[in-house]
Every structure is written in structure tokens, then in C-alpha cells.
Amino acid sequence: MAENKWIGKKITRYDGREKATGALKYMADLEFPDALAGKILRSPYAHALVKGVEIAEAEGMLGVVAVLTAKDVPGLNGFGIEGPDQPVLCGERVRFIGDPVAVVFAEDLESAENAVEKIKVDYEILPAILTPEAALEEGAIKIHEEGNILRHHKSSNGDVEAAFKEAAVVVENTYTTPYEEHAYIETEGGFGLPLEDGGVELYYPAQYCFRDRMQLSAVLALPQEKIRINSNPLGGAFGGKDDMLLQPILALGAIKTGRPVKIHLSREESFMASTKRLPFKLTMKTAADKNGKFLAHKVFGISEAGPFAGISGAVFNYAFENAFCVYKFPNTDLEGICVFTNNSVTGAFRGFGNNQMTFGTESQVDQIAEALGMDPIKIRRLNCVKGGERYSHGHKVNESVIGIDKCLETMENSDMWKQREDFKSQTVEPWIKRGVGIAISQHGGGLGNLLDDTATAQIEVLSSGIINVKVSNEEMGQGSLTTFWLIAAETLGVAPEMIEISSGQTHNAPDSGPATASRSTFIAGNAIIKTAEALKDELKVLGKELWGTDEININSQGIYCVTCKTNFISWTEISAALSKKGIDSVSRTVAMPETDIKIDLGLHFIHTYVSQIVDLEVNTLTGEVTLIQTEIFPEAGRVINRLGYEGQSEGGSVMSMGYTIMENFKIKDGKAMTRNLQTYLVPTAADIPEIKVTPVELVEKEGPFGAKGLGEPASIPITPAITNAIYDAAGIRIKDLPASPERVLMELCK
Amino acid sequence: MKVNEYKMASSIEEALTTLATSPTEYRMLAGGTDVLPRFRDNLIKEDKILDLTLLKAELGFITMDETGALHIGAMATHQEIVENEIIKEHFSVLQDACRTVGSIQIKNRGTIGGNIMNASPAGDALPVLIAADAEVILISVGGERRMLLEDFLLGPGKTAIKSDEILKEIVLPKVYHVSRSNVKYEGQYRKLGGRKALTISIASVAVLKDHENKIRVAYGALSPRIQRASAVEDYVNSAAELDMDSLYQVVEKCVNPLSDVRASAEYRKKVAANLTRMILMQMRYDFKDESGEGGC
Amino acid sequence: MVIKFTLNGERVSAPVDNNLRLLDLLRDYFKLTGAKEGCGQGECGACTVIMDGRAVNACLIPVRQVEGTEVLTIEGLEKDGEMDIVQKAFLKEGAIQCGYCSPGMIMSVKALLMNNPNPSRKELVEAIAGNICRCTGYTKIIKAAETAVEETCAQE
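Which chain is which? The protein sequence lines are A, B and C, in order.
For the first sequence, position 724 matches number 724 in our numbering, and the numbering has no gaps at all.
For the second sequence, position 56 matches number 56 in our numbering, and the numbering has no gaps at all.
For the third sequence, position 94 matches number 94 in our numbering, and the numbering has no gaps at all.
Keep in mind that the hints were calculated from the coordinates and are not lab data.
Hints may contain errors.
[As the list claims (entries may be wrong)] Lysine-lysine pairs mimicking DSSO-like chemistry, simulated, CA-CA at most 30 Å apart:
hint, chain 1, residue 1, chain 2, residue 2
1, C, K143, A, K10
2, A, K530, A, K701
3, B, K269, A, K666
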């Protein structure tokens with residue numbers, strides 16, 4: 001591979017200093033003069049009609065400036081990524097505990113809170129749908145007009161039943177995965193500001209400012225040009241700030257009061273109102289021949305969208321797109337249903353359905369390997385799709401699909417794998433059992449081919465001589481700013497200090513699509529490269545105009561003529577020269593490469609592959625699972641931002657370790673029993689293993705400098721690797737997450 | 001948090017006088033790590049605070065008297081206990097327990113007195129103190145009184161304190177000193193939580209061996225009241241050889257756990273017995289049957 | 001009611017009411033927004049500051065207890081534009097991602113090194129176990145703390 005100046009190196013991140021000094025202002029840190037504080041009145045019932053809302057007493061209270069209800073929504077009282085089925089303020093029906101009914105804006109938070117208590121709502125309680133099975137019952141109450149089914153997928157290929165009959169081994173199990181709470185340290189909060197032209201400006205942490213602007217345009221009955229959104233920095237998102245939450249209410253408040261308005265959710269309110277990972281119940285039946293070749297895979301799954309579609313349909317689709325992981329199954333049968341319920345709102349969460357499905361699939365594969373006495377790495381290598389082959393949905397994928405075999409091969413040759421028996425023999429107390437487990441995953445980058453997936457980048461050479469690269473993709477901690485910075489610098493051939501990134505806004509950045517789906521590095525990176533190349537073309541034209549030649553060199557000082565080195569102009573001069581020609585900026589759009597067939601689930605073309613080993617201990621007296629060490633082998637193309645690449649791998653591993661062994665979002669009768677960080681446990685520094693990140697670097701030719709996405713892929717295989725290791729250690733098969741100490745001990749005692 | 005009056009007591013005398021005059025009006029506050037979250041959740045009925053922080057000077061002591069008894073002032077923080085050389089030398093198992101409280105930020109503010117007055121069945125320092133027959137000294141304008149901590153703690157959030165009293169100190173008689181440096185005595189505190197740090201106890205066990213080589217046991221987070229587990233103590237101290245079934249039976253007699261959002265009662269019972277077994281095995285007690293294999 | 005204390009090396013005073021916490025005072029009155037409110041109950045550590053030499057959760061300190069104390073916040077670490085050793089180590093090792101937990105995390109490491117310049121790995125982990133990070137998985141944070149220890153020892 002070519003030697004790069006910045007790509008692949010350890011660089012201090014773009015936004016590092018301001019974060020290390022506490023200087024960076026997140027949205028709730030900002031201050032605007034005369035700002036009002038907002039407090040939302042939320043439904044205490046999972047399902048009820050709203051017969052009336054009495055606000056007169058609240059309106060008259062000290063410090064109260066406005067009390068808003070559904071009738072105050074000027075445009076469409078609805079929003080949602082898939083369709084506007086989620087009310088801004090409920091005037092007719094509430095569909096979950098936490099659904100907003102009214103909002104008070106007052107001079108201070110205490111006054112707003114006091115006033116909220118004086119709002120009287122007349123509810124008529126309706127039967128609530130509290131399980132996915134209840135949603136499907138004959139005569140069940142309809143949460144939406146169209147019924148309770150959001151998605152129903154059915155597909156098959158070949159003849160699974162015949163395959164099951166002739167198979168040497170058939171494994172059948174049902175796996176369940178719970179809700180997961182993102183638990184970003186920054187709870188949702190920000191400001192809405194009225195603009196002089198009757199428009200509104202938002203400062204609010206979110207993952208796609210342009211999509212939010214489009215939705216708000218309908219809610220506020222305002223043209224999009226009158227809505228300005230500032231959506232970064234974010235204090236963590238992981239998919240949880242993809243759906244809108246407070247934006248419509250903040251915008252409404254600013255417009256109705258004519259003053260800046262602020263809401264910052266408490267942790268409890270964030271838990272109650274924000275989206276959660278979709279829970280799944282997956283029954284899988286998998287068969288193989290006596291040599292370990294997979295013959296058939298059958299999956300029946302059911303999941304919950306919660307009360308609104310949001311992006312849950314896409315999550316459900318993506319889970320089923322990943323039903324086969326990266327294996328060849330000649331016979332397949334899939335059926336899945338995603339239903340509405342009156343439980344927590346579900347939505348995007350790092351991995352997007354793939355974690356849940358792959359937990360099941362990789363548990364199945366391990367059980368087949370065991371039944372046949374086969375090595376778990378060898379059986380996977382045997383069955384993975386090879387270069388040039390199609391995936392089991394029938395579609396063509398990137399040539400770097402050979403990456404999965406490279407991950408497995410690298411893992412097989414690693415010290416951690418080779419020394420696994422040594423590791424296992426090193427226990428002292430007889431009640432501690434050690435085990436080693438592995439798993440793989442694959443993850444498509446981008447939105448899939450049912451949606452338009454493009455990104456536009458823009459570059460302006462400022463009169464100060466700084467090169468301003470603009471992409472709207474939000475920086476939520478994943479390091480996109482740094483990645484874009486290095487890509488721009490490397491492409492142009494200038495020092496990173498020359499580059500300034502504008503992002504997270506609708507007014508000074510073009511639409512680069514959402515900061516989701518592990519797409520930012522790939523697609524926005526490509527857009528930046530294409531735009532930078534276009535800028536270089538313009539510089540060549542300048543060279544021709546100035547010096548009669550387009551053979552120029554570019555550096556941090558400016559451009560100069562190769563053959564006539566004394567001919568040189570600075571970036572400031574370049575800025576002026578381009579402006580004079582009417583070229584204020586250069587902009588290019590790229591699209592995500594697509595695969596060649598379309599199905600109802602949507603399909604991806606570019607995939608990232610990961611394999612992982614986990615070495616752990618099970619305390620057979622308490623059920624505690626302790627991870628000792630893990631090695632993760634991501635194949636995500638070239639490493640661009642080395643510290644960022646490792647950070648995503650480590651962070652993704654630990655987050656999903658939490659999902660696997662301790663995060664337990666409990667809900668009863670539609671109410672969250674785990675309401676904050678005291679009862680919903682996420683990993684602390686005392687819970688982590690030693691983590692080794694071993695990049696398997698192949699070049700993905702479609703990717704910027706050969707790179708692919710990593711944010712989500714790094715969070716997937718550790719879950720089945722852990723449960724496979726628990727089986728290795730203690731002989732118990734965990735099929736219901738989390739593998740909490742209680743669950744493990746109860747399983748041991750069966 | 002709706003506080004209408006906030007009084008910083010500048011001395012013990014001032015605190016006691018305030019309480020003598022207005023016995024039920026003030027909520028007492030020391031480190032704040034239990035009281036402030038309760039205010040936030042609207043669980044405090046008083047609207048007046050009596051802040052005891054300035055009593056640190058008088059009540060922050062950790063000393064040993066000439067009889068060898070340990071005296072810990074109510075205002076000593078968990079972290080001060082963890083760092084204290086006297087406790088390290090003579091009763092390090094208390095440090096093991098205090099070390100598991102919350103986080104370092106919590107330990108730097110939370111006091112042993114607060115841990116006792118909060119009277120949570122899951123309070124981390126409590127099982128060790130009760131196993132060691134700790135006593136509490138209470139003071140009021142009328143004088144001092146002293147009682148066993150085990151009798152002082154009446155149930156979740158309830159103590160035998162009178163409305164004009166404050167908790168002054170905890171006394172640990174010499175005979176129950178156990179430390180790592182002294183090989184004759186042993187003691188262990190084990191806490192099981194949902195994760196390895198910053199976690200509220202699901203189940204905890206304190207096992208101490210006294211100067212007569214007899215064990216003393218107390219459980220945490222497993223009953224509304226924390227008490228000496230006499231059935232377990234009698235069994236272990238008299239049995240020629242231990243067996244798991246008998247141990248489980250006596251443990252079950254001594255615990256009465258709830259099922260809550262953290263864990264079920266059934267799991268808590270099993271884990272209580274298993275943690276006891278784990279500690280006893282590490283104290284080199286022999287079990288008749290298959291030791292260490294499975295905890296069911 | 002006015003309280004007087006030392007904030008980032010300066011003697012200051014502030015008007016307070018009975019319901020304020022140190023976190024509110026820092027953010028709303030002094031406009032020092034480095035300390036964040038992540039949970040309001042001492043479960044996340046995002047509000048960690050150093051008070052009289054010890055790491056504490058500012059969300060659990062009633063303002064009246066701040067009287068006469070020395071408080072150090074993230075904003076007080078930089079001296080004449082030069083970052084503290086701990087801050088530099090965090091940047092060098094890539095221990096910051098979204099940055100929301102970082103001020104609290106850095107203060108916890110700083111507090112440890114102020115009291116114990118050569119801590120063991122176990123002590124490092126204990127010092128930050130009360131600071132939740134959802135992004136990094138803690139690996140680089142521990143590495144940054146170890147780097148800060150090395151650089152501190154090298155300096156002495």
C-alpha cells in the first residue's frame with residue numbers, strides 16, 4: 001500500500017483540545033439571553049384517549065409564558081422517520097408512558113415544573129398492548145389505523161424441510177434479546193430560537209439535521225429555508241439521537257413565545273422518552289452435513305416497534321438482511337413480524353438489528369460445530385462466502401468479502417487462540433471455570449438499496465487562506481471530524497492545520513446524509529475526495545491561466561508551478577482568484593455503491609467483517625461472568641484514523657459486553673422499572689477485559705483510501721463470542737440476554 | 001429539592017440544642033450522598049436541613065483506646081476508613097467493606113454515620129459492623145447512651161434514634177479485631193452486585209473469626225434487618241465436618257430476601273449460601289461433599 | 001446568603017440559595033460548563049470536580065458545604081495556555097471520543113495523581129470506576145492515566 005502522510009497514523013483528534021479543556025460547549029451548555037425553560041407533561045398511561053386538556057390554571061401561574069398543546073401545532077401534528085405517526089403533542093391519543101401531551105415554557109424551570117402539575121388531562125384508559133403476541137391477537141386494539149403490524153417478511157429459497165431430513169445435524173433454539181438503553185452520558189437537550197423572518201433556529205444534538213429540517217417544515221408549516229439547525233457536537237448518540245425527540249417542541253416553543261427556549265432532559269426523562277434497541281425473539285433451525293457444510297437455515301422472528309414506526313421497520317429489515325451472516329445456506333426460510341405495542345419507543349441502536357440476529361446465528365454455528373466435533377474456526381471458514389460468490393439472499397457483494405476469511409485466518413494464528421488451553425488451565429479456585437469463545441459478524445455500510453444513499457461535500461477556500469471542508473455528517477464522538485480532516489489533507493497534499501471542517505448544520509454545509517449506518521467515513525469521505533479532486537482541477541485551470549501550464553504542485557503554502565518554481569500563489573490569493581471567476585466553492589456528490597438485486601428488506605453492497613475471541617471466567621457459585629481478555633480482528637479496509645479505529649473497536653466491544661452480561665432494561669405494564677443509571681447498569685472501568693485490536697487491513701477499492709465503516713461492526717461479534725465462551729467454561733447455553741449473574745446461576749442449577 | 005431552611009451546625013452543642021428545641025423538623029445531612037438523591041426523588045418529608053459537616057472536627061476521629069477498642073466518629077468518611085492505618089492494622093475487613101461503597105467520589109463524602117443512619121438493608125459497612133458486635137453511641141442534650149448496632153437498626157430506613165439525638169460514634173470492642181497482618185484472626189466481606197464497581201449490593205456476607213476461633217456471620221441486602229446469622233454460626237462452630245445441604249438450610253433460616261428490580265429472592269438465597277461457602281472454603285473449612293463444583 | 005471559597009486558585013464569592021448544588025453554582029453562576037449533569041445522583045461522574053484535594057460529585061454537594069473550601073474544575077487545569085499533563089496524555093492516547101465524560105474523567109485521574117503520584121493499575125481503575133464512559137470502553141483512558149503517571153515521574 002502507498003505510504004501516506006496522515007492516513008493511518010496516530011493523530012491528536014481535530015476536536016481534542018476543546019474537549020480536554022472543557023471549553024467545548026454542548027447544546028445544553030449554551031446560553032441565550034431571555035431564554036425560557038420548558039417542561040413537558042407526559043402521559044402516565046401506556047394507552048389512553050385524551051378527552052380534554054385543561055391549561056387555564058397552569059397558564060395563570062407565576063413565571064409562565066406559554067402552555068402549549070396539540071392545537072398549537074401550526075402544521076402537521078406528526079413526525080417520524082418512516083412516516084409522521086408520532087404526535088408532537090398528543091391531542092387525541094397517548095400511546096406510551098411518556099407520550100407528550102403539553103409543554104410549559106416559563107421564566108425558570110421551577111415555575112415550569114409547578115405549572116405542569118396544574119395541567120389537568122382527562123384520559124380515558126384503553127387496553128394496552130404489552131407484548132408482541134398481544135398485538136397479533138384476534139380483536140386486539142389497533143394502535144394505529146392500519147393495524148398493529150409494521151412489517152411482515154416472508155421469503156424462502158430451496159427446501160429447508162427436505163434439507164433438515166437429510167442433515168447429519170439439526171440444531172433448533174429460541175433466542176431472546178431485551179431492550180437496550182443507549183445511556184449516552186449527554187441526555188437530550190438544547191435550544192429553539194425564533195428568527196426575525198418568522199423562522200426558527202435549533203441548537204440540538206442530532207444525527208441528521210437535514211432530515212429533521214424536512215420534518216419540522218411540515219410540523220411548523222414553514223419552508224425549509226426558514227429553519228436552521230445546528231446538530232453537533234453530540235455527547236454520544238449510538239443511534240439514539242437519530243429519531244427526533246425534542247426538536248418539534250423546542251421549535252414550537254420558540255415560535256409561539258418569540259423567545260429562546262431551553263429543555264434539557266433529566267436522566268429519568270431520557271430513559272422514559274427516548275428510543276431503545278428493538279427486542280427480538282428469534283427461533284432458529286439450522287442444519288449441516290457430516291462434513292460441516294451448512295445445508296439449511298430457518299428463522300422465525302418477532303420484534304416490537306413500540307408505539308410508532310420511527311426507524312424500527314428499517315431495523316427489523318436489516319436484522320433479517322443479516323439472517324445468514326456471511327454464510328452460504330443453499331436452503332433458507334425466513335419469516336419475521338414487527339408489531340406496534342404500547343411499550344417503550346424503539347429505534348436505531350448501534351448494530352441496528354444485526355447484533356440480535358447474529359447472537360442467534362453464531363450460537364447456532366457453535367452448536368453445530370460441537371455436534372460434529374469440528375473446530376469452531378474451521379467450520380466458519382468452510383462455510384463463509386468466498387470472493388466472487390453471492391450472499392445467501394442472492395446478491396453480489398464487495399470483492400473484499402474475502403476479508404472474513406482473512407479475519408478468521410488471522411484469529412486462528414493469533415497467540416490468544418493458540419494459547420487458549422493454557423488460559424483455561426490457569427484457575428485456582430475450583431468454582432471458577434474458564435472458557436474461550438469466538439464469533440464473527442458482517443455488517444453492510446450505508447442505508448441499503450431501498451433508499452437513496454448519497455453524500456455531498458463542499459470545499460471553500462476562505463479569504464484567510466484556510467481550506468473549509470463542509471459535510472453535514474455530525475460528530476458524535478466517533479471521530480468523523482478527524483477522519484474527514486485527514487482525508488482532505490491527504491487528498492489535497494496540505495497539512496491538516498490548513499483544513500477547517502464545517503459540519504452538523506443545515507446552513508453552512510451540504511446534505512451528506514445521516515451520521516448513521518457506519519457510512520460517514522465511506523460516503524462522506526468519498527465525497528470529500530471527489531470534491532477535493534475537483535478543487536485540484538480548478539487549481540490546475542488557475543495554473544494554466546497564470547503560468548500557461550497545468551503542471552502544478554500543491555502544498556500548505558499554496559500552489560506553485562512545477563517547472564517554473566518561482567511562480568507561486570498563496571491560498572489567500574487562490575481564494576481571491578477563484579472568487580473573481582465566480583467560483584465561491586466546489587461541490588460534488590457521491591452515491592453508495594449498490595448491489596444488483598432488490599428485495600423488500602433492502603440489501604447492502606459494501607460490508608465490513610469482524611471476528612473476535614473472548615477469554616472469560618464464570619463463577620459457578622455466583623453466576624458472575626468476568627471477561628479477562630479479548631482480541632478483535634476487524635476487516636474495515638484501510639485504517640484512516642488509527643486512534644479512532646482502535647477506539648471504536650474497544651468502545652464497541654465494551655458497550656456490547658454490557659448488552660450481553662449486565663444491561664437489563666426491565667419494563668412492566670408499559671412502565672420502565674429500570675428508570676435511571678442506578679438500576680440500569682452499564683460497564684465501568686472495573687468491568688473491562690484487556691482488549692487487543694488487530695486490524696486486518698485489506699484495501700476496499702470503493703472506499704476512501706481503501707477504508708470502510710467500523711462504528712457498528714465493532715459492536716456485534718462480542719455478544720455471541722461471550723455466550724459461546726460461557727458454554728465452553730460452564731457447559732450452559734445462554735439463549736436469553738443478558739447473561740446476568742442471576743440468569744447464569746439459574747441456568748447452572750437447572 | 002425544596003429546602004426552606006438550611007442550618008449549618010457549627011458545633012455538637014449547637015446541633016443538639018437545635019434538635020432539643022425542634023426535634024422533628026430537621027433532616028440531618030452529612031456527606032449528602034444518600035440524602036441529596038432522596039431529595040431529588042421527593043422522598044424527604046422535612047423542608048429544613050441541619051447540616052453536620054462542621055462537626056467533622058469533633059466527630060471525624062478514628063482512634064484506638066487502651067483496651068484495644070476501636071472508636072470511629074460518625075463523620076469519618078468511607079475513604080478515610082479505607083486509608084486509615086489503625087483500621088488497616090486491626091480491622092482491615094471493615095476497609096474491604098467500605099471500599100465497595102459507590103465510587104471514590106461517593107467514598108470521599110459519604111460517612112460511616114450516614115451509612116448507619118440511612119439504614120439501608122444493603123448498606124455496605126453494616127454487615128461487618130454487626131458481625132463484630134459494634135455499638136453505637138448516641139448523644140443529646142440529656143447525655144449519651146450506647147447500644148448494639150444490631151438493635152439500633154430496626155428496618156429499612158428505620159433506627160432507634162430519638163428525635164433529639166445524633167449519632168456520635170461507633171465502637172468496636174477489641175475481641176473482634178481481625179486483620180490480614182495478624183494470622184490468628186481472619187475476616188472477609190464479599191459483595192455481589194450487578195457489576196464490579198459503583199453498584200448497590202444484591203447480596204453480601206461478612207464472616208469474621210474471633211479470638212476463640214469461632215465465626216460470626218451477618219448478611220446484607222438479604223433481610224429487612226441486618227442481624228447476626230446465629231443459625232449459621234451455631235452450625236459452623238459446632239459441626240465436626242460441614243456439608244453443603246446443611247449449610248444451605250441454616251442460611252435459609254437467616255435470610256428473608258425480596259424480589260426486586262435487581263434480583264429475585266430465589267437467586268439471593270442461593271447466592272447467600274454460595275458466598276458463605278466460598279468464604280468458608282477460603283478460610284480453610286472442609287466440606288464433606290463435592291466442594292466447589294456448582295452452586296445449586 | 002453569600003458563600004466564599006477558592007475556585008481554581010482564586011478567592012471568589014457567590015450568592016446562593018438553599019436548594020443549589022455545587023454543580024449548579026459552577027455552571028449557572030460561574031459559567032464553568034465543563035462539569036456536566038449526566039444523572040443527578042452520583043451514578044455517572046460527569047460532574048466530578050476536586051474539592052479540598054479529593055474527587056467529588058458536584059451534583060451531590062449542597063452549596064453551603066462549599067464555604068471555605070478549595071475547588072478545582074477542568075477549567076482550572078490549564079496554566080497560561082499550557083494543558084495539564086493529564087489533559088495532554090488524554091489527547092496523546094486518544095482517550096477522548098464524544099468528550100462529554102472527559103472533564104469528569106480527567107479530574108478523577110488528576111485527583112488520584114495529586115494524592116498518589118505512582119498508583120498501581122488497580123488504583124487507577126478504582127479512581128475512575130465512578131466515571132461512566134459509553135464511547136471509549138475505558139482502554140485508552142487507562143492508558144492515558146498510565147502515560148500521565150510516567151510523564152509525572154519523568155518530570156520529578
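Against the structure, the hints come out as follows:
1. C:K143 to A:K10: Cα-Cα ~14 Å, so holds.
2. A:K530 to A:K701: Answer holds: K530 (chain A) to K701 (chain A) is near 14 Å, not above 30 Å.
3. B:K269 to A:K666: Cα-Cα ~22 Å, so holds.
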